[in-house]
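Q: Those protein sequences? They're chains A and B, same order as listed. All residue numbers for the first sequence refer to our numbering, where the first residue is 20 and numbers rise by one. All residue numbers for the second sequence refer to our numbering, where the first residue is 20 and numbers rise by one.
Among these hints, one or two may not hold up.
For identical chains, the list gives no copy identity; a pair is met inside one copy or between any two copies.
DMTMM-like cross-link-like pairs, simulated, lysine to aspartate or glutamate; straight-line CA separation at most 25 Å [to be verified]: (1) Lys183 with Glu327; (2) Lys44 with Glu159; (3) Lys44 with Glu115; (4) Lys44 with Asp81; (5) Lys183 with Glu159; (6) Lys407 with Asp81; (7) Lys70 with Asp315; (8) Lys70 with Asp240; (9) Lys183 with Asp50; (10) Lys70 with Asp81; (11) Lys326 with Glu115; (12) Lys210 with Glu254; (13) Lys70 with Glu311; (14) Lys44 with Asp99; (15) Lys183 with Asp166; (16) Lys44 with Glu92; (17) Lys179 with Asp50; (18) Lys70 with Asp24; (19) Lys179 with Glu409; (20) Lys179 with Asp24; (21) Lys407 with Asp60; (22) Lys326 with Glu350; (23) Lys326 with Glu74.
Note that these hints are calculated values from the structure, not bench results.
2 protein chains.
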Amino acid sequence: MTTWDSLYANRASRMRASEIRELLKLLDRPDVISFAGGIPDQALFPAEAFKEAYEEILSGPDAGRALQYGVSEGSVRLRDWIVGHMRALGIACGPENILVTSGSQQGLDYIGKLFLSAGDTALVQWPTYLGALQAFNAYEPEYDRLDPGTNRAAADYASKAAAKGGRIKFAYLSPDFANPTGLSVDLAERKRLLSLAGDLDCAVIEDSPYEALRYDGDAVDPLLALDCAASGGIENTRTLYCGSFSKSLSPGLRLGWICAASPVISRLVLIKQASDLNTPVLNQEAMARVAERCFDSHTARTNAIYKERRDAMLAALAAHMPEGVRWTRPEGGMFIWVELPSGMDAADLLQKSLASAGVAFVPGGAFHPDGTGGNTLRLSFSCADYQKIEEGISRLGGLIAQTVMSTL
Amino acid sequence: MTTWDSLYANRASRMRASEIRELLKLLDRPDVISFAGGIPDQALFPAEAFKEAYEEILSGPDAGRALQYGVSEGSVRLRDWIVGHMRALGIACGPENILVTSGSQQGLDYIGKLFLSAGDTALVQWPTYLGALQAFNAYEPEYDRLDPGTNRAAADYASKAAAKGGRIKFAYLSPDFANPTGLSVDLAERKRLLSLAGDLDCAVIEDSPYEALRYDGDAVDPLLALDCAASGGIENTRTLYCGSFSKSLSPGLRLGWICAASPVISRLVLIKQASDLNTPVLNQEAMARVAERCFDSHTARTNAIYKERRDAMLAALAAHMPEGVRWTRPEGGMFIWVELPSGMDAADLLQKSLASAGVAFVPGGAFHPDGTGGNTLRLSFSCADYQKIEEGISRLGGLIAQTVMSTL
Numbered sequence: 020m021t022t023w024d025s026l027y028a029n030r031a032s033r034m035r036a037s038e039i040r041e042l043l044k045l046l047d048r049p050d051v052i053s054f055a056g057g058i059p060d061q062a063l064f065p066a067e068a069f070k071e072a073y074e075e076i077l078s079g080p081d082a083g084r085a086l087q088y089g090v091s092e093g094s095v096r097l098r099d100w101i102v103g104h105m106r107a108l109g110i111a112c113g114p115e116n117i118l119v120t121s122g123s124q125q126g127l128d129y130i131g132k133l134f135l136s137a138g139d140t141a142l143v144q145w146p147t148y149l150g151a152l153q154a155f156n157a158y159e160p161e162y163d164r165l166d167p168g169t170n171r172a173a174a175d176y177a178s179k180a181a182a183k184g185g186r187i188k189f190a191y192l193s194p195d196f197a198n199p200t201g202l203s204v205d206l207a208e209r210k211r212l213l214s215l216a217g218d219l220d221c222a223v224i225e226d227s228p229y230e231a232l233r234y235d236g237d238a239v240d241p242l243l244a245l246d247c248a249a250s251g252g253i254e255n256t257r258t259l260y261c262g263s264f265s266k267s268l269s270p271g272l273r274l275g276w277i278c279a280a281s282p283v284i285s286r287l288v289l290i291k292q293a294s295d296l297n298t299p300v301l302n303q304e305a306m307a308r309v310a311e312r313c314f315d316s317h318t319a320r321t322n323a324i325y326k327e328r329r330d331a332m333l334a335a336l337a338a339h340m341p342e343g344v345r346w347t348r349p350e351g352g353m354f355i356w357v358e359l360p361s362g363m364d365a366a367d368l369l370q371k372s373l374a375s376a377g378v379a380f381v382p383g384g385a386f387h388p389d390g391t392g393g394n395t396l397r398l399s400f401s402c403a404d405y406q407k408i409e410e411g412i413s414r415l416g417g418l419i420a421q422t423v424m425s426t427l
Numbered sequence: 020m021t022t023w024d025s026l027y028a029n030r031a032s033r034m035r036a037s038e039i040r041e042l043l044k045l046l047d048r049p050d051v052i053s054f055a056g057g058i059p060d061q062a063l064f065p066a067e068a069f070k071e072a073y074e075e076i077l078s079g080p081d082a083g084r085a086l087q088y089g090v091s092e093g094s095v096r097l098r099d100w101i102v103g104h105m106r107a108l109g110i111a112c113g114p115e116n117i118l119v120t121s122g123s124q125q126g127l128d129y130i131g132k133l134f135l136s137a138g139d140t141a142l143v144q145w146p147t148y149l150g151a152l153q154a155f156n157a158y159e160p161e162y163d164r165l166d167p168g169t170n171r172a173a174a175d176y177a178s179k180a181a182a183k184g185g186r187i188k189f190a191y192l193s194p195d196f197a198n199p200t201g202l203s204v205d206l207a208e209r210k211r212l213l214s215l216a217g218d219l220d221c222a223v224i225e226d227s228p229y230e231a232l233r234y235d236g237d238a239v240d241p242l243l244a245l246d247c248a249a250s251g252g253i254e255n256t257r258t259l260y261c262g263s264f265s266k267s268l269s270p271g272l273r274l275g276w277i278c279a280a281s282p283v284i285s286r287l288v289l290i291k292q293a294s295d296l297n298t299p300v301l302n303q304e305a306m307a308r309v310a311e312r313c314f315d316s317h318t319a320r321t322n323a324i325y326k327e328r329r330d331a332m333l334a335a336l337a338a339h340m341p342e343g344v345r346w347t348r349p350e351g352g353m354f355i356w357v358e359l360p361s362g363m364d365a366a367d368l369l370q371k372s373l374a375s376a377g378v379a380f381v382p383g384g385a386f387h388p389d390g391t392g393g394n395t396l397r398l399s400f401s402c403a404d405y406q407k408i409e410e411g412i413s414r415l416g417g418l419i420a421q422t423v424m425s426t427l
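In isolation and in its complexed conformation, chain A is listed as follows (with noise of 0.2 Å):
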């Protein structure tokens, strides 16, 4: 037999299996309420226009070359809606400022490439998006804890890193309705979190697949935005903004695309390049023609939908949830992050919530690569019902209550 485990490089010690996603398989039960999974509803998806535009493609003149290989930075059609769409974010760039990746996650994974050797240091916010830091893993950094909420001195987050054997590359945040926790970063502390990066040289890395999914409130300029205006545009800029198509238009064509000044993106083609040569074009050409159709249509259409959903659950925990327990009010995307009175451990929640009230989650717990957070939980509505969020929050909160009870 071979002796497999000799052969791998450092690198895969630190490759894990997502704990979400394991837990995801043994959610998907027919008898459950879940609110557990973190996607977009698949009954929402625009599959008369995918049909449409694949038709025209694939009937038409250029139908070899949708079907032949294709630059690696993207097809340029896309990459103009893409610009279109960052300009309106507030973002001046042209098509050397985009590149267009297999979906967001394969954004985080070249900027990992990119920069991270071993032993420096990312600095991410807690709880975070743990495929972020599953991307990153690959290559081997240490982490840092990134609050712009707080006073800390760029001096202090340099020695740490310095201290660890290499520097600070960049820091990860995701602005918009994050997940977990569906909180947004105000502008005060975009602000201050562009200085941080200033102070420390190094990169800031802008994540916002759910950007489109704002239901109400005000939209907050992106950290990339900010960085034009105060540095005089995108050539003179240090934020990577990521974006992606999977929470807007569909996740299954894999595509989204980093935006940033050009030098980068020119080294993230040559990565592209080496790892995968490009996306499909055919998907390319297709999701192109059903952004410039009905991107705008579409995602008001869902976002209506979903804010019904995000209102029917903030309800229900409002009428169901005992007191001491706390959750966020997130003005758009997927989550609605829940805190349980202290001491009290969400995954020990789960399984007794699976046992008796047939109702999922995501215990919080897997968010916090620190080991905290054990009294924290995530609550997705992308993909229920009225009748199931009052149904399932009810049954939760039946629980919580007699586990109070039962403590006290």
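Could you slot chain B onto chain A? The hints should help.
A: Then chain B, alone, in the frame of chain A:
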């Protein structure tokens, strides 16, 4: 301005644009007869079959599922087809032995990521597929020349790797109609190579994107099939087979696969999950349908066309090349490899050829990581018709004859 260069990882110094890709951009001129591009003829893709498949999926009850996230391993239906294909090649395996990748290029990237720490050695053929080196370079390996035709001892390979600070993790080769030479590795050499890998206790990477493009001669068992037979079954093997739909049905969907022992596939699934979650389900479902319906008939039809082109190019070479020029006679694939009289430089010849003959090819030096091979060049016959082949090779032969004369 951000000082980007100081922020990049060490590995970034090894990321360069593919010389060949850059060259191909220059050669894409309508007045040039090009034998440079190493891609399949897009006029031959089964566009109608793909159109029907996409329409069927996107009109059907599973449209939402096809547009949703999917499992990292790959779609069941496509993996089932691949299992059947591998079994026909003499490799008894199940779906647990298959990872669907976004083209076989992604397979090579993941293999580098799984096995190579900085300073480890990869054994590679010379000349070799450059895209493999580009994929591996991100993981900062050393290279040593693999030559199963010599009697170099395993201990010699191993001590050279140890001197570089690592160990030999795998031997990489493309055994069927390789890019760039068009040559195949015979049965005796395959067996010697497996024996060498056993002595080194390293993996074997069998990169076989051209496997289905055989025009004559007898098929030789894949190394993975020989490994299965010798070791008692796929779970005991050390060979990772990289397959691709890019050269047979279409490169545009970016679909390939890795077939190997299930513990290795499980590790690669974790890498897939962290780097892009999954290959598009929609594309996998479409490819599964097209492969089920017409893989054999389509490759039979296109192989007949490619065979004519190969034969035309071999005939033209025989008719027009001066004495002292040698070339390979590949039994399949897309390439013929030409050796010019020693001392003649193929890069110089390309400049002259573009200026005076209007014929493009790829100088062979680019395929030799050690800087040798200056008198070699690669001709691709996949995209040219009979008339262009006759005319182009005639002009090129005349130019080479002139060059030979002028140096006498």
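Q: Which of the numbered hints above does this structure break?
A: 1, 2, 8, 9, 11, 17, 18, 19, 23
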